[in-house]
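Visitor: Residue numbers (the numbering used here), protein chains in the order written: chain A, 1 to 322; chain B, 1001 to 1610; chain C, 2001 to 2314.
The set of hints was computed from the structure by calculation and includes no laboratory data.
Result set (DMTMM-like, lysine to aspartate or glutamate): computed pairs, CA atoms no more than 25 Å apart in a straight line:
| id | chain 1 | residue 1 | chain 2 | residue 2 |
| --- | --- | --- | --- | --- |
| 1 | B | LYS1157 | B | ASP1457 |
| 2 | B | LYS1429 | B | ASP1451 |
| 3 | B | LYS1425 | B | ASP1329 |
| 4 | A | LYS10 | C | ASP2142 |
| 5 | B | LYS1137 | B | ASP1455 |
| 6 | B | LYS1103 | B | ASP1130 |
| 7 | B | LYS1558 | B | GLU1545 |
| 8 | C | LYS2044 | A | ASP132 |
| 9 | B | LYS1189 | A | ASP79 |
| 10 | B | LYS1157 | B | GLU1095 |
| 11 | A | LYS62 | B | ASP1438 |
| 12 | B | LYS1189 | A | ASP61 |
| 13 | B | LYS1425 | C | ASP2073 |
| 14 | C | LYS2140 | A | ASP309 |
| 15 | B | LYS1189 | A | GLU66 |
| 16 | B | LYS1353 | B | ASP1455 |
| 17 | B | LYS1196 | A | ASP79 |
| 18 | B | LYS1274 | C | GLU2080 |
| 19 | B | LYS1425 | C | ASP2068 |
| 20 | B | LYS1157 | B | GLU1176 |
| 21 | C | LYS2044 | A | GLU214 |
| 22 | A | LYS62 | B | GLU1190 |
| 23 | B | LYS1429 | C | GLU2069 |
| 24 | B | LYS1103 | B | GLU1092 |
| 25 | C | LYS2199 | A | GLU214 |
| 26 | B | LYS1196 | A | GLU96 |
| 27 | B | LYS1103 | B | GLU1147 |
| 28 | B | LYS1425 | B | ASP1451 |
| 29 | B | LYS1429 | C | ASP2073 |
| 30 | B | LYS1196 | A | ASP61 |
| 31 | A | LYS62 | B | ASP1187 |
| 32 | B | LYS1196 | A | GLU92 |
| 33 | A | LYS62 | B | ASP1197 |
| 34 | B | LYS1189 | B | ASP1468 |
| 35 | B | LYS1137 | B | ASP1062 |
| 36 | C | LYS2044 | A | GLU203 |
| 37 | B | LYS1425 | C | GLU2069 |
| 38 | B | LYS1429 | B | GLU1387 |
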Amino acid sequence: MGSQRYLLRKVLHALLTLLFVLFANFVLFRILPSDPVQLLARSQHLSAEDVAEQISSLGLDKPIPEQFVVYIRQTLTGDLGVSLRSGVAVTELIGERVGPTILLVGVATILSTLFGLWIGIRGGWRRGSAFDTSSLYSSLVLYSMPEGWLGMILLLFFAGVLGLFPAGGYSSSQTITGFAHVVDVANHMFLPCLTLTLGYIGEYAIVMRSSLIEVMNEDFVMTARAKGVRDVMVRRRHAVPNALLPTLTLVFLSFGFVLGGAIIVETVFSWPGLGQRTVTAIGQRDYPFIQGAFLLLSASVIVFNLIADILYGYLDPRVRES
Amino acid sequence: MRRTRRSIAIAVVLGVVTGLVMTGTAFAQDATDGADAPTVFTIGVDSDITGLSPFVLCCGADYEYLELVYDLGIGFNPDDLSPAPGIVTSWEPNEDKMEWTLKVRQDATFNDGEPVTVEDVAFTFSFVADYGLPFYKDYFPFSPTFEVVDDETLLWKSTEPTFAPEVPPYMPILPEHIWSQFATGDDPKEARRAVKDFANDPPVGSGPFELTEYARGQFLRFTYREGHWLGTPAAIDEIVIRIYDNQEAMATALRAGEIDFAESMSPNQFNTVKDDPNITGHVASAGCWGNIAYNFGGQGPDSSNHPAIQDRDVRLAIAHAVDRQVIVDRVYQGTAAVGWSILDPAKNSYYYKDIPAELQYPYDPAEANRILDEAGYLDTDDDGVREMPDGSDPLDFEFMTITDVDGSVDTGRLFQSFLQEIGIKVTFKTVDQAKANDLWFSGDWDVYVWDWCPDPDPDFMLSVFTTDQCLSWSDGCYSNPEYDELYEAQRQATDREARREIVYEMQDMIAEELPVMVLNYWSDLQAYRSDRWDPAGFSTSPNTELGLLLFGYGTVRKYLDIVPIGDSSGTATSQGLPAWVWIAVVGGVAVIAGGVMFARRGRDTDENVA
Amino acid sequence: MATAAPEAPTPADHGPAGKGHRAIARTRRSRAFLSYWRTFRRNKQGMVGLIVLTFFVLLALFAPALVDESRFDLLATATEPAFQPPSASHWLGTDQFGRDVLSLLMYGSRISLLVGVVATIVTMLIGSFVGIAAGYYGRKVDTVLSALTNWFLVIPWIALAIVLASILGRSLFNIILVIAITSWAGTARLVRAQTLTVKERPYVERARALGAGDWHLVTRHILPNVFPVIFANTVLTVALSILSETTLAFLGLGDPNSISWGVMIQEAFYSGALSSGWWWWLIPPGIAIVCVTLSFTMCGYALDEVLNPKLRSR
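Required output: the full structure, derived from the provided sequences and hints.
Guide: In structure tokens:
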């Protein structure tokens, strides 16, 4: 009974947050002082009456409450509107860009999670060892690096000096298909992925390490050790699973931020992802697109938060009962 | 133990076999790619096209896309920007210039197979004129009507004498069978919205190339259409336009050979890249000029411009206080040219006038200080900043730095330093284009850096400084009745030379009155791989030293001249680790991981777990 | 083992002899502080971080004395060649205006540190206020504040920062504001959790039973016990704020007319440093940022250990 109520509460909470996000999104962009249509006017040689037309065709001249109702209705039916710039449906624009971002950041997150956790566990368990000290300092240094800068250094060295990898983009635009295309994308993705991975590894390693250290000082670990259980067993069966909980929450939260997390790296490497497109849209005041992107990014964070909460509840019964 | 060792062995063998198979397919792929690959010319640009509809054009690559996929009604001769045959091959006026006879070619087809007929031309022109469609409507003044006489003759009937067909109108010929659906109904607004929203995918045009692939934000691929009336390319089969998010990426791509031609490079990247022995750089006139714009007020209740700006003496002093050459050197790394007139020497060649020496105010801070002293702007409180003659406001100008405008930031900083020397304070308000628009509309600024790219016909550029254009195209609502009169006069002039005289006078007037201070003429920096493409295959448009190689008016026919050097297919080499390395690495990792897991599992079952 | 947190004042301290109990509290606090310091000193990481930090703070404070501001005057450097590699007269070469990169680097410490610290202070103020209010008052106040906090946590911070920077315009003040607005939620959540824990402690209940008012409870009991957590978090947040400023500057949202390390990296990148290989302009500002951020982080972690004994090595 307790777990069902827990689940229900968490789902409800997620839905409410989502609703709040919808509302806040709408308000945020309506109270912004800049008028997107005026912006278009100057660049597209529109006259005063053209401008008025644009405003009415976008429904921007209707009273705000009416706009809000239309907005909610449209969003719930999956219609995120149409780009102010090019007239293309926002869902289509976002759809084109989401793939590369998920690929890049997804792979980076998986790799950095695996390696980061492993480093953190190994370092935390053998605290003070050479491995621990060196990995801790490396993690701290990586954690302190500005994202874009690390990418630039890698570009400078690997692509510029060594000429080993392409300097940007998603693929060379020839019609390569099949496996060769996969290799081509892999080559283009290597450096940006490496940048992101190195950036995240530090954080995960540090958190996993402190979490493990905290657990190691707990009574049940000492008991297990006193009973003569092998170190590896104690670590694998007792310490790590308990230390994993808070770390997993962090990892899942990071998954949630996947979509928005790569803006800088996408810029430095010209990776055609959602982040880069959102930056352009903001400069152009393309409100429908920005709203759609915001919604998607926030929704993904909420969903992964929910998954993290549910997972946490499943793994740690104490949480369910509270 | 034997079990685990065998499992490891199996895993390794499987891994190796898979690897070999995959490598094999990858190599097979490469082999077939060699044979009859099309000759591709790859161009890099730094912004995507706005959309596929001809009614959402804005900038840069939009126009190249348009001229590749569509034919203009009357085209441009790339050598001198004079009108050249397009779909319309000749245009003869009658005596009173109110009726022009146009002849339409019979050998053009759209890329969906339909022939281009005189009806398509008549439809296109009247569609735009009747519904007042944006971008193109200004090319059809005085409510013209169009009458089809026979299969190859069309009459352009104007209600007033006009030169419009000779300008020529920048009008792509649209297929009636696609676009007529928007020409129903009486509401022009509906039509205007519809043509903008129309996806136009794939675009049906009669141009020399067809859009065969478009990955938004990444690249466009164009394929030559056999037998196009423009001619047959010497070598090129396909053109690819690749989009880069920033200049750095594009410059690096050019050096790596991923692209063959880079359009509109920034000065820094250009200067570095042109030193590469494999690359040839070309400085072309961009047909655009950069300037300082002043706010004269009058936009509305919120307009807050500094009163000193209204005084010509102040603007004159500033003109003497700014060293234009330093701006060219620092902001544009020497790739621009100091300029004085509001018309462009290359684009507006016939109407352009060299501003007389006495109006080319030289860099002379002492003179500037003298002018301000005499005009009564003294520094009464000795704080380094002058005050108004009546002692009230200090001369503190609000400079709107627009981060999206090239050179605005750096020119602004230099401007601040220069004005500091003559006792005028400059305070920055840094905004992006969108916010700048707001401030501009409300008139809440004093000075900013802007740029203009005039049409070949000077009418539009001249109109910007008329009183009417306040809150439309005018920067700061400058108003001069004398100038307005001249503008009307040149608009109505029927004699080319008479018109030119008036236009000359107008240029001098602007240079003297300084509603804007022209700073420099920009360059369009282009570069290409001269190790792969024969420099002899490139020519400039207009045919001068500073002409553009590509991306100009009517330069699409230049793609027909470009030839590769040797037998290089022109395809960009793809960089990175070869396929077998990837397979080895991934395969190796998988095998090791698998092996480790198998080994561990074996050990587990033999141990007691506490 | 030294004491973990200052011992909670017992009811006996709240006697009519106000002077007495204050003096006692003060001695107790200074003794606690000294013990903290001793523990901190033993932490190698923390000490290294503190030393590096001190160096940069001194650099920032004395930069105007070391570097004459006229070196940045664009007219004075008008004849100096741009983009020069390191030489005898310019150890780190010159930028696009011919200005000495080393001078820019030293001067840039001022803005970078200023923005980092001030933005963090504002973040902590907002975050602590919201967190304590939510945790202390509970119920409706908590629901509303938590919903607000959640929204700020969920929205992608870079996108929000870009939108805000676009509206507000680009000035130092606005950048500080933007960083604070996008960062306070994390602090608020932490502070709220800590407040909830402290609220349940016996002495707080006792004080309330004795009739202590809200203000007294918050300032005398909650705040002092939440403060250590806030303080450790603050130091870590400074590191994040400096990184945020770099990110915003790189996206072109910084104040282009100020000199900061982030702006230097942005100008280097967009002037073509990558494709031209001008490593001397691109690398040093990044290294400086890493050093400062790293030292703040190490200090922060050390502080965390000092205040949370479970993390200390035995």
